[in-house]
Amino acid sequence: SQTIHQWPATLVQPVGSPLSLECTVEGTSNPNLYWYRQAAGRGLQLLFYSVGIGQISSEVPQNLSASRPQDRQFILSSKKLLLSDSGFYLCAWSTGAFNQPQHFGDGTRLSIL
Amino acid sequence: AQKVTQAQTEISVVEKEDVTLDCVYETRDTTYYLFWYKQPPSGELVFLIRRNSFDEQNEISGRYSWNFQKSTSSFNFTITASQVVDSAVYFCALSGPKGSARQLTFGSGTQLTVLP
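Residue numbers (my numbering), protein chains in the order written: chain A, 39 to 151; chain B, 1045 to 1160.
Source of the hints: derived by calculation from the structure; they are not laboratory data.
Do not take every clue at face value.
[To be verified] Selected chain B positions facing chain A (in silico; Cβ < 10 Å): (1) 1074; (2) 1077; (3) 1139; (4) 1140; (5) 1151; (6) 1155; (7) 1158.
The beta carbon of each residue, even a glycine, is placed where N, CA and C say it ideally should be.
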């Protein structure tokens, strides 16, 4: 069966520091991968998605970036965090077929001080 | 353009009451899929159900039931005899245009609180 792992689960970072969140999927090949952000009490905002190694599509211009160095690895990064980057970050995968659901990781709670 | 509206931001019920969560969608596609997800306080999103646009039969799974009405572009979710463990944020989602890797369009979610 397929599983998705995200880490860390919780992160507290000062403003201006770098960020690296990692997501890996097991049990499937060539998945579509997604990064979402959820501000407190709000809905899901799609940040990035990827259909293959090295292929990244950005939904929202910001100081975040994403990379997919391996087929089942998706990384969310920032060189300098802003206060507004606080939130709950969720990674998800899907088969890519439009009739299939996305499956989510447990998320990372990011607090910027 | 794709759009999903969950007009109920927050709902509060007492345990054992029935509760219906509304979802209205907009799409130009003739073939599409609708999804419901549950987000408990721990944060992870749990996939609950998928329904395709050609199947308007209601579906029941235990205390959960879903009413899909294409004529009103609605896909409502009812919890019968609610329990405290049902407290969560519930998201309705719509599949993206066929061929689009972007895939799902989510509603803004409904926070359900079930009081003991």
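**Item:** Interface hint for residue 1155 of chain B, Cβ within 10 Å of any Cβ on chain A
**Value:** 8 Å, holds
**Prompt:** Per the CB criterion, is residue 1077 of chain B less than 10 Å away from chain A?
**Reply:** Holds. Min distance 5 Å.
**Prompt:** Was the hint right that residue 1158 of chain B lines chain A, CB cutoff 10 Å?
**Reply:** Hint violated; residue 1158 of chain B Cβ to chain A Cβ min 18 Å, cut 10 Å.
**Request:** Tell me if residue 1074 of chain B is really an interface residue toward chain A, meaning its C-beta lies closer than 10 Å to one of theirs.
**Result:** Nearest chain A Cβ about 13 Å off; hint violated.
**Asked** At a threshold of 10 Å, is the proposed contact between residue 1140 of chain B and chain A supported by beta-carbon distances?
**Response** 6 Å, holds
**Asked** Should the hint that residue 1139 of chain B touches chain A count as held when the rule is a Cβ pair under 10 Å?
**Response** Where the cut-off is 10 Å and the nearest Cβ of chain A is about 5 Å from residue 1139 of chain B, the hint holds.
**Asked** Is the hint on residue 1151 of chain B kept, meaning its closest Cβ partner in chain A is under 10 Å away?
**Response** Since chain A brings a Cβ to about 7 Å from residue 1151 of chain B, closer than 10 Å, the hint holds.
Of the numbered hints stated above, those contradicted by the structure are hints 1, 7, listed in ascending order.
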